[in-house]
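Asks: Those sequence lines, one after another, are chains A and B.
Each number in my numbering comes from the position in the first sequence (counting from 1) with 1350 added on.
Each number in my numbering comes from the position in the second sequence (counting from 1) with 9 added on.
Hints listed in this document are in silico derivations from the structure and should not be mistaken for laboratory results.
Just so it is clear, the structure is predicted and the values come from calculations on it, not from any experiment.
Glycine included, each C-beta is placed from N, C-alpha and C at the ideal position.
Treat the hints loosely; a few may be bogus.
What the hints assert, rightly or not - So the derived list for chain B, only partly shown, Cβ under 7 Å to chain A, looks like this:
| id | residue |
| --- | --- |
| 1 | 18 |
| 2 | 19 |
| 3 | 22 |
| 4 | 58 |
| 5 | 60 |
| 6 | 61 |
| 7 | 62 |
| 8 | 69 |
| 9 | 93 |
| 10 | 97 |
| 11 | 172 |
| 12 | 173 |
| 13 | 176 |
| 14 | 177 |
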Amino acid sequence: MVTLQSAQTRTPHRSKTPLFLRAGSLFLGVCLPLATLAAASPVPPNTAARDWLVVSGISEPRVLLPLMASESASAELCRLLYNGLVKYDKDLRLTGDLAESWEVLEGGLVIIFHLRHDVRWHDGQPFTAADVEFTYRKLVDPESPTPYGGDFEKVSSLEVIDAHTVRVTYKEPFAPGLASWGMGIIPKHLLDGQDLRTTPLARRPIGTGPFKFRSWTPGRRIDLDAYDGYHGGRPGVGRYVYRVLPDPGTAFLELQTERVDHTGLTALQYARQTDTAFFDRTYAKYRYPSFGYNYIGYNLEDPLFADRRVRKALGLAIDKREIVDAVLMGLGRVSTGPFLPGTWAYDERLPETPHDPERARRMLAEAGWNDTDGDGWLDKDGRRFTFILLTNHGNEQRRMAAEIIQRRLKEVGIDMRIRILEWGTLLKEHIDKRDFQAVLMAWNLSRDPDIHDIFHSSKTAPGQFNFVGYRSPEADRLMEEGRRVFDETERAGIYRKLHRLLAEDEPYLFLFVADALPVVHRRFRGVEPAPAGIGHNLESWTVESARRRYVRELAS
Amino acid sequence: MRRWIVRRALAMVPLLVGITLVSYAVIRLAPGGPVDAQSEMNPRMTAEARQKLVEIYGLDRPVYEQYLSWAWRVARLDLGRSMVDGRPVLEKIAQALPVTLGVNALSLVIVFAAGIPLGVWSAVRRGSAVERGVTTLTLAALAVPAYWVALLLISGLGVGLRLLPVTGLQSLEHELLSPFERVLDTARHLVLPVFVSALAGTAVVARFMRASLGQTLTRGYVRAARARGLSEHAVVYRHALRNALLPVITLLGLSLPGLLGGSVLFETLFALPGMGRLFYDAVNTRDYPLVMGVLVLGAIVTLLGNFLADLGYLWADPRIRTAHREGTSR
């Protein structure tokens, strides 16, 4: 599933992944044997000095409870403070987290989770199946202000079999359901009987994750300490400091003075402002596709765009590469469908739509659009081909892309007007009410390719997310099947078919996937780029003693 | 006169109610609401889940009912809780206010401490190179955007020379410092924001002072004083300056309510969590209780300020006093 990217372009890369399902570390796979070794070796585990990792983001987290973490900053910190039963590893495959294993039974109707025995909450209490049950109850409780209840609607029951075994029964097989158990588990012994909206735990969280809460200075920073009892092993970072730096320009200046160790760059900063000797010496830059794509969504109920030939002609008339080069300074890639490039659901063999204005004009002529009066604009039945593209205020990338598209469409005789609206107005007055012709927006992608909510014909009611009104029985069938099947290879086949179908129908004009452009201070060792990005093993980054920056505390 | 004061005080109540009514109406007329802002069109949030949130926050009730229940709570001095993070509105304001107040108060001190001497200096040296220099500088300070100056200073003093910290009010290791180092640390952090926020104000006061004193120096009594053979120093500083200062003091009074207001741009640039950003974020997330809380406090402070100013005039100016006595006896 996916979430819509919010208004800001200048979001650091980590902010583009609002779900707490950001892939975690690979501790389980690799570190278990290591842990055994460590236990046998004479080296005491807590003597190595550790450094701080200072991270910056443009917004302050709202609440540190995973059930209510609906925006990126909260989700990012919740990932470090809490664990789900499962998580995505660095290769974006589901692996155990609080659950050491699971069984999918009865064709996907039942999932049994076997929980780890060695997990303790940050306050020392043991983690048990009762916490899982409590979290589930809170998720489906009508009184809970959680946006994530929908994932658990298909669960018919959850039973605690013993202190470390949980049995979940579904009403129907639901493949994305397994990933939804990546939801951070919250402590029953501290939250039972409390109102989630007012609990002090939302500001002083207690979890099971690699970091435990230390302090929160509102509007400025949040400090987390390494949790040495973490079931994935002792973190290599001694303290994680999240700084709120709302202006990317300021954040960049803080990088220049080495007061930030890890943040996301804008395309301009990456391409033009970081090619200095100081920057090269001090920071390592990384680049990989971010989890989200930009697109133009057509209102398919508008007579203009009901004709597939017109939609395809628009796709041929614009030059997507030009947009990537100009808007992202080349730091991104053209997108052909609704999945993340490089993942198993994405069909890499699908060709990009070429820039071919000639063919676009021919297709438009077939659809009845010709320049009969010679004024340079296409017309049909005496009406000019003109439409309004809506996008949101505050996002330079989208404004620039819209202007480039406007010029390319003019070349084939289409008069596109751009209207830039405040985010709330765009959603409430235009998207929800279906009062638009075309919109330029973006979706964030989560790790599961289920796109049922975006393209299924049953999701076209006001306020639902198939606001373009896409209706295809074939696509419906594929999306339903993709949810029922658990086997990844089989699912890949289904989603690749769906990818081709959507590229053929073009209910969206898929534009581009921007690259995430994070930097990390060079003193950190163990940064490992992977399909999941670089944050997946953040807790195990280390710094050599001699290169530590924040030594004062460690001396005290 | 006491009756006038009581009446004047009571008149503030309907005014305050009116302000809250209009503010409430305006923020509710803006499309979208706190639930939409929270869900950010997140497909994981089903329509039912959104409806549930709407009901939890009581947003499904008629707006006038919501207003009444809000007003009733405020009447009992309860500003409610933020719809975004569930924290008490008062607590959020109490955390942002000292930041804004501190920077603004310091900058106000500098504005008048630097602006008045500059103005006096250039008024006394009328036509000299000094006056031209001050005029050019003050004009420049007024003309350049503060954020640009801020960025230049940050990049020059902060990044280039690493003389001063770039953002915030404390270093990362603040808590580990000794008490003396902490004070020093905060002071170093305050230099750039206070300087930048004082820049335009200083220019305004300097120009104001120059105009006021310049005008006063042409008055008859100044000429008379000179004619009596008083020293130029005595003429300017004992006779003219006092009179010329009056409008500047009015200016000081007018800038007092501004102490509570923060600039969004400025606070964003220096990463200061003050009132400007608090309010801006509240509007963007349609956090009604927080928006209203900030507005109500602002309204109360402004109304009280005006009231106190009126009382001050009453005390200071016999003409106003007399007018009111006649007014009430009629």
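Asks: All the hints need checking, so say for each whether the structure fits it.
Replies: Hints versus structure:
no.: 1; hint: 18; verdict: violated, 35 Å
no.: 2; hint: 19; verdict: violated, 37 Å
no.: 3; hint: 22; verdict: violated, 31 Å
no.: 4; hint: 58; verdict: holds, 5 Å
no.: 5; hint: 60; verdict: violated, 9 Å
no.: 6; hint: 61; verdict: holds, 6 Å
no.: 7; hint: 62; verdict: holds, 6 Å
no.: 8; hint: 69; verdict: violated, 14 Å
no.: 9; hint: 93; verdict: holds, 5 Å
no.: 10; hint: 97; verdict: violated, 9 Å
no.: 11; hint: 172; verdict: violated, 11 Å
no.: 12; hint: 173; verdict: violated, 10 Å
no.: 13; hint: 176; verdict: holds, 5 Å
no.: 14; hint: 177; verdict: holds, 6 Å
Hint violations for this structure: numbers 1, 2, 3, 5, 8, 10, 11 and 12, all remaining hints satisfied.
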